[in-house]
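Engineer: As a plain string of letters, each chain reads:
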Amino acid sequence: MKRIVPIGPYHPLQEEPEFFKLIVEGEKVVDLEINIGYNHRGHEFIAQKMTYDQIPFLVERICGICSDSHPYAYVMAVEDAARIEVPPRGQYIRTIIGELERIHSHYLWVGLAGHFIGYNTVWMWVWRYREPLLDIFELIMGNRNHYAINKVGGARRDILPEHYEKIEKYLDLVEEKTTMFTKAVLDDPVIHARLENVGILSKEDAIAYGVLGPTARGSGYAIDVRKDDPYDAYDKVDWDMIVFEEGDIFAKAKVRLLECYESIKIVRQCLRDMPDGPIEARVDEIPPGEGIGRHEAPRGEVFHYVRSDGSNMPARHKIRAPSYMNIPSNVVAVKGYSIADAALVLAAVDPCYCCTERTVVFEDGKKKFTGNDLLRLSRQKTEKLRRRYGR
Amino acid sequence: MSVVRVLFSYLIFPGFVFTAVVGLFLTWIDRKVTARIHWRVGPPWYQPYADFLKLLLKETIIPEGSSKILFLMGPILGLVAMSIFAVMVFSMNLNPEGTFVGDLIVMVYLLAIPPLGLMIGGSASKNPLASVGVSREMTQYFAYELPFLITIAAIILKAGGSVRFGDIIMAQQANGPFLYSISGVIGAIVILLSTQAKLGFVPFDIPEAEQEIMAGPYIEYSGVALAMFRVVRAMMLFLLPLFLISVLWGGFSSWWVILKFLLIVVLIILIKNTNPRIRIDQSLRFFWLGIGVLSVIGLVLAVYGL
Chain L
2 MKRIVPIGPY HPLQEEPEFF KLIVEGEKVV DLEINIGYNH RGHEFIAQKM TYDQIPFLVE
62 RICGICSDSH PYAYVMAVED AARIEVPPRG QYIRTIIGEL ERIHSHYLWV GLAGHFIGYN
122 TVWMWVWRYR EPLLDIFELI MGNRNHYAIN KVGGARRDIL PEHYEKIEKY LDLVEEKTTM
182 FTKAVLDDPV IHARLENVGI LSKEDAIAYG VLGPTARGSG YAIDVRKDDP YDAYDKVDWD
242 MIVFEEGDIF AKAKVRLLEC YESIKIVRQC LRDMPDGPIE ARVDEIPPGE GIGRHEAPRG
302 EVFHYVRSDG SNMPARHKIR APSYMNIPSN VVAVKGYSIA DAALVLAAVD PCYCCTERTV
362 VFEDGKKKFT GNDLLRLSRQ KTEKLRRRYG R
Chain Y
1144 MSVVRVLFSY LIFPGFVFTA VVGLFLTWID RKVTARIHWR VGPPWYQPYA DFLKLLLKET
1204 IIPEGSSKIL FLMGPILGLV AMSIFAVMVF SMNLNPEGTF VGDLIVMVYL LAIPPLGLMI
1264 GGSASKNPLA SVGVSREMTQ YFAYELPFLI TIAAIILKAG GSVRFGDIIM AQQANGPFLY
1324 SISGVIGAIV ILLSTQAKLG FVPFDIPEAE QEIMAGPYIE YSGVALAMFR VVRAMMLFLL
1384 PLFLISVLWG GFSSWWVILK FLLIVVLIIL IKNTNPRIRI DQSLRFFWLG IGVLSVIGLV
1444 LAVYGL
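The listed protein sequences derive, respectively, from chains L and Y.
All the letters of the first sequence, read from the start, carry residue numbers 2 to 392 under the working numbering.
All the letters of the second sequence, read from the start, carry residue numbers 1144 to 1449 under the working numbering.
Mixed in with the good hints there might be a few duds.
[Unchecked claim] Calculated cross-link-like contacts (lysine to any residue; reagent style SDA-like; alpha-carbon spacing at most 25 Å): (1) Lys178/L / Thr1417/Y; (2) Lys22/L / Glu1353/Y; (3) Lys1269/Y / Gly27/L; (4) Lys22/L / Pro1271/Y; (5) Lys1175/Y / Ala1358/Y; (6) Lys22/L / Lys1269/Y; (7) Lys1175/Y / Trp128/L; (8) Lys29/L / Pro1271/Y; (9) Lys50/L / Leu378/L; (10) Lys29/L / Thr1282/Y; (11) Lys29/L / Leu1427/Y; (12) Lys336/L / Asn1270/Y; (13) Lys1175/Y / Leu14/L; (14) Lys22/L / Ser1274/Y; (15) Lys22/L / Ala1358/Y; (16) Lys22/L / Asn1270/Y; (17) Lys336/L / Ser1278/Y; (18) Lys29/L / Ala1358/Y.
Hint data in this document are derived by calculation from the structure and do not stem from the laboratory.
Excised from the complex, chain L in its bound form (with noise of 0.2 Å):
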């Protein structure tokens, strides 16, 4: 007897409005619908109303956790359409920045791995040496969220040579609490039944699906846009790809515990050759012409397409968030698990919902709004709205 068993649409536990609908029999997953656009935003569309220099503010606020990413992204965008080029310390601050971001939100995951498997010991030990990386964000950019570091043309701030003791302290601390949680998931047996064989995504399907991210390298398929298209300090530093064949939730959580090594390591050579001079390039007009950016967030591959017409304002801003790629591959992932897996395998991809967020409305297996459609729907709300306030 098949039946359905809803998660959603609100998330009990990720607090963020999605809607899984596992088709069980028994105990076991036969299959699964994902519904998604509940909170939709209309960022791009936005943007498309803000001048250049406003919109990192917007794009920064699409996700809480990689808030650094997509401002990222954007400014990159912006500088491959007008041909800027960022000055060195700039580019070294903002690779930086981008990894110790990586460390915070993988950090967040690893504890949210571990609340998902009731094990909420590591839930907060893990997140209580997240903590003072953000009271380092706050030294540096004033901002414990959404820092703000990202400017078009280069970085905002300046990393000052005295925070760079405390940058290299913690990141003592966290490379030794690194070292200690890897061997804590490595040697409790309880996890290794629990994640090992559970959830697997093959190398097959990543590709087809094209997971970005922790989640395609948990898989065997080693990209990473660091690698792949350097940009900025990324091939001025050493660092290694880490990629794991199983595809299994353990794989992708080793993934995610051994690149925070890496990001330490980064971060070290960053501060060790950050070079001296301006941060930032002085823009002045961004001229017709589009452009593409592409950042390794700590989800996988962020990208953003600027279209400029020479106004001070973008005339397309197009966003494509990791989650949005990697949310879908659960449902080859999620097959065949029990219930109890189900929870732990669609939180593995690290879903971040609020950059997944689009409108689309499917009836019977078809569009039912272009999207003309719902502009005009959207343009009648407003002067409803307008009507009923007096305005």
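For chain L, the structure is supplied; the task is to place chain Y on it using the hints.
Structural biologist: Chain Y only, in chain L's frame:
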């Protein structure tokens, strides 16, 4: 014995009220120790009582189309069973001669009633997640009950083949606790792990896994009914370690019993906080193949008097 005394012993001491108050305090110890392990501060001592009172004041919602009687019977069954169990544990420990033959079997049955009540209530609530939880609860019950019963059999053997609870306590008072032998240690491990499962603590909180099936059988419960379930849990946290002490660690022979009791409770909390949740099939395999074999070894050793 007058009716008033009987009522007093079932309702006030050592029955419902006393066990519930101490049990809720133990849940505070559980929460506080867990919080300290997590580097958190933890709640103040009156938090469980405040939670309980708050739940009493809330509306009890009964899902549409479900059987009202069965839905509300779930928590009441567990509450009644645990109140009787409390009276039996205390009166028999304080007065080992005054027990009847076969009371140990009654106690084992009484311990089976709270999970039964949970299954009845969960199935009555007409929720897919609750039914998944109930099926897990059932599997888990069969998983931990088998080694538990084998160990009880070993204990009966050690007490000279008597199924009287009083005889077990008296045998320990005469010849020292059963724990100080190989089969006794094995029995203690088995009963401790079964206790963990009976309490629904990690790694055996599979039936109500909040991250997977959102509290499972409890999902539709609210208000007074949920408060009753909470109290049943708290009472079990108090009574199950006492049961372990009674059958293996010499009963209430001296004030040391408080230290022994706290030691067992802290051990349970530590197991809870240093393990992830396992899957239901892994739990079944663990209890039947791992712990089951261990309990049989204990039984064989008990036959040879080790």
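Engineer: Evaluate each hint against the coordinates.
Structural biologist: Right, here's what the structure says about each hint:
1. Lys178/L / Thr1417/Y: Holds: Lys178/L and Thr1417/Y sit about 17 Å apart, inside 25 Å.
2. Lys22/L / Glu1353/Y: Holds. Lys22/L to Glu1353/Y sits at ~17 Å (cutoff 25 Å).
3. Lys1269/Y / Gly27/L: Roughly 16 Å between the alpha carbons, so the hint for Lys1269/Y and Gly27/L holds.
4. Lys22/L / Pro1271/Y: Holds. Lys22/L to Pro1271/Y sits at ~12 Å (cutoff 25 Å).
5. Lys1175/Y / Ala1358/Y: 21 Å, holds
6. Lys22/L / Lys1269/Y: 18 Å, holds
7. Lys1175/Y / Trp128/L: Cα-Cα ~19 Å, so holds.
8. Lys29/L / Pro1271/Y: Distance of about 14 Å is within 25 Å: holds.
9. Lys50/L / Leu378/L: At roughly 19 Å apart (the allowed maximum being 25 Å), Leu378/L and Lys50/L satisfy the hint.
10. Lys29/L / Thr1282/Y: 15 Å, holds
11. Lys29/L / Leu1427/Y: 16 Å, holds
12. Lys336/L / Asn1270/Y: Within the cut-off at roughly 23 Å; holds.
13. Lys1175/Y / Leu14/L: 23 Å, holds
14. Lys22/L / Ser1274/Y: Roughly 17 Å separates the two Cα atoms, so the pair holds.
15. Lys22/L / Ala1358/Y: 18 Å, holds
16. Lys22/L / Asn1270/Y: Between Lys22/L and Asn1270/Y the Cα gap is close to 15 Å, so the pair holds against 25 Å.
17. Lys336/L / Ser1278/Y: 21 Å, holds
18. Lys29/L / Ala1358/Y: Roughly 19 Å between the alpha carbons, so the hint for Lys29/L and Ala1358/Y holds.
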